[in-house]
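Peer 1: Here the sequence shown is numbered in our numbering, starting from 42 and rising by one per residue.
Everything hinted at is true.
DSSO-like, lysine-lysine: derived pairs with alpha carbons at most 30 Å apart:
{"id": "1", "residue 1": "Lys-393", "residue 2": "Lys-365"}
{"id": "2", "residue 1": "Lys-55", "residue 2": "Lys-45"}
{"id": "3", "residue 1": "Lys-187", "residue 2": "Lys-55"}
{"id": "4", "residue 1": "Lys-233", "residue 2": "Lys-521"}
{"id": "5", "residue 1": "Lys-187", "residue 2": "Lys-59"}
{"id": "6", "residue 1": "Lys-187", "residue 2": "Lys-52"}
{"id": "7", "residue 1": "Lys-506", "residue 2": "Lys-442"}
{"id": "8", "residue 1": "Lys-55", "residue 2": "Lys-170"}
{"id": "9", "residue 1": "Lys-365", "residue 2": "Lys-521"}
{"id": "10", "residue 1": "Lys-45", "residue 2": "Lys-59"}
{"id": "11", "residue 1": "Lys-333", "residue 2": "Lys-318"}
{"id": "12", "residue 1": "Lys-318", "residue 2": "Lys-170"}
{"id": "13", "residue 1": "Lys-318", "residue 2": "Lys-233"}
{"id": "14", "residue 1": "Lys-506", "residue 2": "Lys-393"}
{"id": "15", "residue 1": "Lys-171", "residue 2": "Lys-52"}
{"id": "16", "residue 1": "Lys-187", "residue 2": "Lys-171"}
{"id": "17", "residue 1": "Lys-516", "residue 2": "Lys-365"}
{"id": "18", "residue 1": "Lys-516", "residue 2": "Lys-437"}
{"id": "19", "residue 1": "Lys-187", "residue 2": "Lys-170"}
{"id": "20", "residue 1": "Lys-393", "residue 2": "Lys-549"}
{"id": "21", "residue 1": "Lys-463", "residue 2": "Lys-442"}
{"id": "22", "residue 1": "Lys-233", "residue 2": "Lys-365"}
{"id": "23", "residue 1": "Lys-233", "residue 2": "Lys-333"}
{"id": "24", "residue 1": "Lys-55", "residue 2": "Lys-171"}
{"id": "25", "residue 1": "Lys-233", "residue 2": "Lys-393"}
{"id": "26", "residue 1": "Lys-454", "residue 2": "Lys-442"}
{"id": "27", "residue 1": "Lys-365", "residue 2": "Lys-549"}
{"id": "28", "residue 1": "Lys-506", "residue 2": "Lys-437"}
{"id": "29", "residue 1": "Lys-454", "residue 2": "Lys-506"}
{"id": "30", "residue 1": "Lys-549", "residue 2": "Lys-516"}
{"id": "31", "residue 1": "Lys-521", "residue 2": "Lys-393"}
{"id": "32", "residue 1": "Lys-233", "residue 2": "Lys-549"}
{"id": "33", "residue 1": "Lys-170", "residue 2": "Lys-59"}
{"id": "34", "residue 1": "Lys-437", "residue 2": "Lys-454"}
{"id": "35", "residue 1": "Lys-549", "residue 2": "Lys-521"}
{"id": "36", "residue 1": "Lys-463", "residue 2": "Lys-506"}
{"id": "37", "residue 1": "Lys-171", "residue 2": "Lys-318"}
{"id": "38", "residue 1": "Lys-463", "residue 2": "Lys-437"}
No wet-lab data here; the hints were simulated from the structure.
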Amino acid sequence: MADKAIISERKFQKLLEKRAIRLLRVTHYLMRQQSIQRVMERPVLGELLSQSTQVEELLDAYGARGNHRWLMYRSIIAAIKQFSEVGYELLHILHVLSSYRLLPIGQDFLAATNQIADFTGRVLLEAAKKITDYSGQLGLSIPSEKIGDEEYSEELPPGRLPQDGGVSVGDSAQQTVILLATSFLNLAAESKALLPDGSSNRKITTESKQDCLTEERLRQLELRFHNLQSLYDTYVLGTETENLDENLPVLRGHISVIFHLLRTATGFAHYYERHLKIQCGNIKERQESLVKADMLLSVLRGYSVSYASEYLVCARHLCQEMLKRYAEIGQIEAPVPPYRGFHVRPATLISKLVLHYGSEVRMELQGQHYDAGSALELFRANEMINAQKRRSLATKILCLKLIPPTTPAKDIKQIVRRIVVKLAEQGVLIMYEQPLSLSDESVDKEGSITEQVISEINRLLLTGKIDVDSGLRAKFIGDKRVLADIQLLAETGYGEDSFGNNVALPEKLQYLRN
Numbered sequence: 042m043a044d045k046a047i048i049s050e051r052k053f054q055k056l057l058e059k060r061a062i063r064l065l066r067v068t069h070y071l072m073r074q075q076s077i078q079r080v081m082e083r084p085v086l087g088e089l090l091s092q093s094t095q096v097e098e099l100l101d102a103y104g105a106r107g108n109h110r111w112l113m114y115r116s117i118i119a120a121i122k123q124f125s126e127v128g129y130e131l132l133h134i135l136h137v138l139s140s141y142r143l144l145p146i147g148q149d150f151l152a153a154t155n156q157i158a159d160f161t162g163r164v165l166l167e168a169a170k171k172i173t174d175y176s177g178q179l180g181l182s183i184p185s186e187k188i189g190d191e192e193y194s195e196e197l198p199p200g201r202l203p204q205d206g207g208v209s210v211g212d213s214a215q216q217t218v219i220l221l222a223t224s225f226l227n228l229a230a231e232s233k234a235l236l237p238d239g240s241s242n243r244k245i246t247t248e249s250k251q252d253c254l255t256e257e258r259l260r261q262l263e264l265r266f267h268n269l270q271s272l273y274d275t276y277v278l279g280t281e282t283e284n285l286d287e288n289l290p291v292l293r294g295h296i297s298v299i300f301h302l303l304r305t306a307t308g309f310a311h312y313y314e315r316h317l318k319i320q321c322g323n324i325k326e327r328q329e330s331l332v333k334a335d336m337l338l339s340v341l342r343g344y345s346v347s348y349a350s351e352y353l354v355c356a357r358h359l360c361q362e363m364l365k366r367y368a369e370i371g372q373i374e375a376p377v378p379p380y381r382g383f384h385v386r387p388a389t390l391i392s393k394l395v396l397h398y399g400s401e402v403r404m405e406l407q408g409q410h411y412d413a414g415s416a417l418e419l420f421r422a423n424e425m426i427n428a429q430k431r432r433s434l435a436t437k438i439l440c441l442k443l444i445p446p447t448t449p450a451k452d453i454k455q456i457v458r459r460i461v462v463k464l465a466e467q468g469v470l471i472m473y474e475q476p477l478s479l480s481d482e483s484v485d486k487e488g489s490i491t492e493q494v495i496s497e498i499n500r501l502l503l504t505g506k507i508d509v510d511s512g513l514r515a516k517f518i519g520d521k522r523v524l525a526d527i528q529l530l531a532e533t534g535y536g537e538d539s540f541g542n543n544v545a546l547p548e549k550l551q552y553l554r555n
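Working from the sequences, and respecting the hints, build out all of it.
Peer 2: The following block contains the structure:
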């Protein structure tokens with residue numbers, strides 16, 4: 042490990058020459074071959090990745106990024122490391138693609154992967170040339186021995202090892218499917234903000250953390266899918282459960298391909314942010330970049346993000362169908378939202394919750410049935426809720442005898458104001474406007490004084506200046522998992538307080554905000 046003393050150029054050159062000998066050996070081999078096919082083989086990529094990682098660590102330990110002589114050298118090494126790692130991911134996808142049992146997406150994923158592998162191979166060939174040339178300029182020795190193709194070739198005979206390891210016993214199929222499918226749906230919801238459409242023109246930037254692609258966010262997402270894959274491999278792979286449900290291996294294939302696509306996305310984003318972004322890096326480094334920024338962004342969006350999004354959507358539908366088959370039907374009762382009933386916010390959150398799981402949930406209220414997965418259906422219930430509020434308010438006014446038996450028509454609005462304030466003091470209703478302003482429209486002269494007063498108060502209720510708890514409770518019938526989330530949503534006010542202000546949802550329901 043280097044200390045703060047300045048190392049002589051000759052000593053450092055000798056040190057690096059020894060450490061870089063194996064990397065320069067393989068890059069020299071690639072320069073002679075000039076074959077993308079030779080680059081994109083796992084033995085070559087593995088050697089490039091291993092050796093470039095070691096050289097980069099040595100360069101960083103001695104502060105090469107801040108040294109004019111070694112800055113560019115370090116940049117090329119970083120490119121070799123990054124693109125060889127991405128290349129290895131692409132080869133992994135190509136080698137295991139046939140075993141993933143991916144659902145059709147209407148695009149040729151195999152052809153697209155081969156195309157991006159070709160792009161990656163071309164970048165690595167150019168990097169091999171640059172690092173070999175630049176090493177010569179820096180006085181490093183270049184290995185000259187001829188390397189045979191057999192040293193880096195990879196011949197894979199067909200077939201697999203016999204699967205005679207036995208079947209392990211895991212949890213019940215129902216428990217496992219529910220755990221995996223629910224975890225995937227929640228992760229898919231979190232991913233939606235980042236991967237909504239691979240064809241969009243979003244740019245990678247670190248200036249805005251909202252609604253953009255960044256290495257940080259992609260890496261976080263990559264790790265989440267890696268954890269989900271590990272969950273499957275730990276509790277499902279090779280178990281009787283996996284044999285009982287043919288959709289489980291399909292789900293595993295989608296989890297895995299999304300994970301590896303996100304790894305390529307993270308690699309491309311890292312190289313862009315670290316080496317191509319205008320605000321980062323030395324001018325010399327940018328001028329000699331191995332790939333143009335717009336090309337790299339196109340590959341990132343058009344391949345990594347686009348196909349991850351496609352398979353995310355496919356697997357989401359798959360999980361919803363799997364959960365339907367394992368649905369355990371139950372019912373709960375929950376209070377009607379106190380603020381304006383099932384208006385936009387609570388109705389939208391309930392419908393999003395139901396659609397998230399893909400299950401059918403029915404709401405029953407006063408003998409009427411509504412599809413809880415449709416916000417418009419829930420809106421319909423407000424007619425009944427508002428009618429109940431009007432009846433409840435009128436009954437309370439009559440019971441408390443708040444209307445004088447003889448009241449001149451010109452004083453009706455004053456009576457209305459006094460009644461509303463009185464009921465608000467008693468906690469019967471909520472005033473959303475203080476001081477209360479009454480409409481300039483004339484009072485309806487038809488009916489008795491009592492009917493005219495109640496009509497005016499109902500007008501305040503209709504215009505949202507006051508509100509009253511209907512006291513109604515709705516019954517929800519459907520999958521118990523979905524009902525548990527609806528119950529939690531109801532307990533936290535359906536995402537709003539008594540004045541209709543937005544409130545934070547519990548962590549378990551954060552997927553509703555995405």
